[in-house]
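Engineer: Got chain R sorted already, so can you dock chain Z onto it with the hints?
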Amino acid sequence: MTMIFGIPLQAFLGQLLVGLINGSFYAMLSLGLAIIFGLLRVINFAHGAQYMLGAFVGYLLLVHFGVGYWPALLIVPIVVGITGIIIERLALSKLYDIDPLYGLLFTFGLALVIEGIFRYYFGVSGNPYSVPELLAGGTNLGFMFLPNYRGWVVVASLAVCLGTWFAIEKTKLGAYLRAATENPRLVQAFGVNVPLLLTLTYGLGSALAGLAGILAAPVYQVSPLMGSNLIIVVFAVVVVGGMGSIMGAIVTGYMLGLAEGLTKVFYPEASNIVIFVIMAIVLLVRPAGLFGKDA
Amino acid sequence: MKILSLVSAALLAATVIPASAAEISDGKVKIGILNDQSGVYADFGGKWSFEAAKMAVEDFGGTVQGAPIEVITADHQNKADIASNIARQWYDTEQVDSIMELTTSSVALAVQGISAEKKKIDIITGAASSDLTGKACSPYGFHWAYDTHALAVGTGGALVKQGGDTWFFLTADYAFGYSLEEQTSNFVKSQGGKVLGAVRHPLATTDYSSFLLQAQSSGAKVVGLANAGLDTANAIKQAAEFGIVAGGQRLAALLFTLSEVHGLGLEAAQGLTLTEGFYWDRDDESRKFSQRFFDKTGRMPNMIQAGTYSAVLQYLKAIDKAGTDETEAVAKELHSMPVDDVFARGGKVGANGRMIYDMYLMEVKKPSESTKPWDYYKVLATVPGDEAYIKPAESGCPLVK
Numbered sequence: 001m002t003m004i005f006g007i008p009l010q011a012f013l014g015q016l017l018v019g020l021i022n023g024s025f026y027a028m029l030s031l032g033l034a035i036i037f038g039l040l041r042v043i044n045f046a047h048g049a050q051y052m053l054g055a056f057v058g059y060l061l062l063v064h065f066g067v068g069y070w071p072a073l074l075i076v077p078i079v080v081g082i083t084g085i086i087i088e089r090l091a092l093s094k095l096y097d098i099d100p101l102y103g104l105l106f107t108f109g110l111a112l113v114i115e116g117i118f119r120y121y122f123g124v125s126g127n128p129y130s131v132p133e134l135l136a137g138g139t140n141l142g143f144m145f146l147p148n149y150r151g152w153v154v155v156a157s158l159a160v161c162l163g164t165w166f167a168i169e170k171t172k173l174g175a176y177l178r179a180a181t182e183n184p185r186l187v188q189a190f191g192v193n194v195p196l197l198l199t200l201t202y203g204l205g206s207a208l209a210g211l212a213g214i215l216a217a218p219v220y221q222v223s224p225l226m227g228s229n230l231i232i233v234v235f236a237v238v239v240v241g242g243m244g245s246i247m248g249a250i251v252t253g254y255m256l257g258l259a260e261g262l263t264k265v266f267y268p269e270a271s272n273i274v275i276f277v278i279m280a281i282v283l284l285v286r287p288a289g290l291f292g293k294d295a
Numbered sequence: 296m297k298i299l300s301l302v303s304a305a306l307l308a309a310t311v312i313p314a315s316a317a318e319i320s321d322g323k324v325k326i327g328i329l330n331d332q333s334g335v336y337a338d339f340g341g342k343w344s345f346e347a348a349k350m351a352v353e354d355f356g357g358t359v360q361g362a363p364i365e366v367i368t369a370d371h372q373n374k375a376d377i378a379s380n381i382a383r384q385w386y387d388t389e390q391v392d393s394i395m396e397l398t399t400s401s402v403a404l405a406v407q408g409i410s411a412e413k414k415k416i417d418i419i420t421g422a423a424s425s426d427l428t429g430k431a432c433s434p435y436g437f438h439w440a441y442d443t444h445a446l447a448v449g450t451g452g453a454l455v456k457q458g459g460d461t462w463f464f465l466t467a468d469y470a471f472g473y474s475l476e477e478q479t480s481n482f483v484k485s486q487g488g489k490v491l492g493a494v495r496h497p498l499a500t501t502d503y504s505s506f507l508l509q510a511q512s513s514g515a516k517v518v519g520l521a522n523a524g525l526d527t528a529n530a531i532k533q534a535a536e537f538g539i540v541a542g543g544q545r546l547a548a549l550l551f552t553l554s555e556v557h558g559l560g561l562e563a564a565q566g567l568t569l570t571e572g573f574y575w576d577r578d579d580e581s582r583k584f585s586q587r588f589f590d591k592t593g594r595m596p597n598m599i600q601a602g603t604y605s606a607v608l609q610y611l612k613a614i615d616k617a618g619t620d621e622t623e624a625v626a627k628e629l630h631s632m633p634v635d636d637v638f639a640r641g642g643k644v645g646a647n648g649r650m651i652y653d654m655y656l657m658e659v660k661k662p663s664e665s666t667k668p669w670d671y672y673k674v675l676a677t678v679p680g681d682e683a684y685i686k687p688a689e690s691g692c693p694l695v696k
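Line by line, the protein sequences give chains R and Z.
Residue numbers for the first sequence follow my numbering, so the first one is 1 and each next one is one higher.
Residue numbers for the second sequence follow my numbering, so the first one is 296 and each next one is one higher.
The set of hints was computed from the structure by calculation and includes no laboratory data.
It should be emphasised that the depicted structure is a prediction, and the values quoted were computed from it without experimental measurement.
Note that beta-carbon positions come from the ideal geometry of N, C-alpha and C, so glycine has one too.
A hint or two may mislead.
[Said to hold, decoys possible] Distance windows between CB atoms, simulated:
#1 Z:PRO633 x R:ALA280: 55 to 61 Å
#2 Z:GLY566 x R:LEU135: 41 to 47 Å
#3 R:SER93 x Z:THR388: 42 to 48 Å
#4 R:ILE232 x Z:GLN586: 37 to 43 Å
#5 R:ILE78 x Z:ARG582: 42 to 48 Å
Isolated chain R, as found in the complex (with noise of 0.2 Å):
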């Protein structure tokens, strides 16, 4: 049998795979945070309550209504991105014109009191939440056994990375996104409604959280506690691949995910800090992140 670094390559490709699996929860986490840093220069720490919020969502559209995970994928970030439109119309509106630390400390405050309110009532044992019936079971690959579901998270992730992307990248409202967090004064001279916009980028932030949540409630127990244990890794990933550069978010993703599923087989002690010593080592030879702009 073929060895890689001591262990046989069928189990080497497996673990690539789940890394990569893990790298694209990252990815789209971390890629709704660097839109709403790149855009609003607002540090959003409610975003791993959010994508909790998106499992809760998604688990008692399922219990009170009968809705499945179809209909969830979408009602779901429709509701957090809600949720996050009037957050950002209430408050961090009034946050702008003032220290970055502040928007910083409301919004983990309010990470704080959602997750208090959500352990409260539900515990955090965390509730359960099924694969839906058409991606249940697994495909055999040969080198390992490849859950559906876990497959179509991989997919589901790519198109959503990219398609933001190519929406603020390419298109002409991402145009307009990009310039008025340039000049927004001159951008709102052109008759653009700037306020607006930034509204608009929040929601569409914490939509993103809440598809993420949504699509680990299958994979995760859909727990109170599932967004505090994810968000400081995202966050390490978002400074890794350059605060508010949305191509690094994505691909830092994926590759820290990598790292981290490699980390889990040859010393699974350190799978949990591997991630922070590359964002340290990372910010000690490239302070602005792999992708950043040097300021």
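Structural biologist: What follows is chain Z alone, placed relative to chain R:
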């Protein structure tokens, strides 16, 4: 004459009552429930253990030896340093007489050390490591609901008997996980089985697929989950996804309780074998107790919560019998009194502080077999206390001669 006898009776009463209350330090008995109320183990014991402790005080009558009983609680966030600070503060400035529950072995080991140093009683229900009554035992420390040895003998023994003679472990990377893995391995080997490998994962890992793939490729018949709480629930859910059970391997959830079964749902949890010391649907007495608990909390108690009830009750009984809350006297009573309540039948406490009582080997029902809410377990067997727990003389506790 009549007046004289009245006066003397009043005088007598006046001298007797304060004299007895003076036997209770600070005029009240204060119990601290210290555990995880916000992290991965918050449903394992959590604030529900606090409710159970309050129920015990209520059932005892609210006072002991004429002194009121107070229960307080705090969240240690699974961090030994935070727990140690709270414990010192409770003992030093808040007149706490005893700390109980102490989920998470790292925390329990730290707080038991502090309790011994301050000469205070601690009764552990939430932590698992059998070291607590082994090399880290304390003359004032007691271990109530379960331990890693009982889980290894119960769940490990049952699976080896059913032909599961090769094992691979997924182990939580701290004292508890090591202890559980080591004792289960030893037990499996002593029964002629083999351990093919183990992988250590950090506490509160969300994705287990890498580890599960390693377990899968090891070809072991049994995948032993030496972790707890949300970690185990996630591992089981993902094991189903990766076809571990469908591929013929069995999962052994070495520490899994009713709370986690409830969270995971019967669909994913069915067929699991596990060991617990208490089941709410055992008999009329346990059903009555659990219904009261349910009315307060909206959930049925697991062995941690029912065990905390038992520990508080036994502590109060010991104070009552000793006539004082002085540590030496209460510890002596706790070591000698039998434990007979809704939680434990014919329980006894060894010289190492271990409460020895019968455990139950359970199988999680299929969704079709469950006829009412919280109807989750079939009792497969009773594991006698003397088999489940290490004999005090062999525990390695320096206090046992």
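Engineer: Next, verify each hint and record whether it holds.
Structural biologist: Hint check:
no.	hint	result
1	Z:PRO633 x R:ALA280: 55 to 61 Å	58 Å, holds
2	Z:GLY566 x R:LEU135: 41 to 47 Å	23 Å, violated
3	R:SER93 x Z:THR388: 42 to 48 Å	46 Å, holds
4	R:ILE232 x Z:GLN586: 37 to 43 Å	42 Å, holds
5	R:ILE78 x Z:ARG582: 42 to 48 Å	45 Å, holds
Hint 2 from the list above is the single one not met by this structure.
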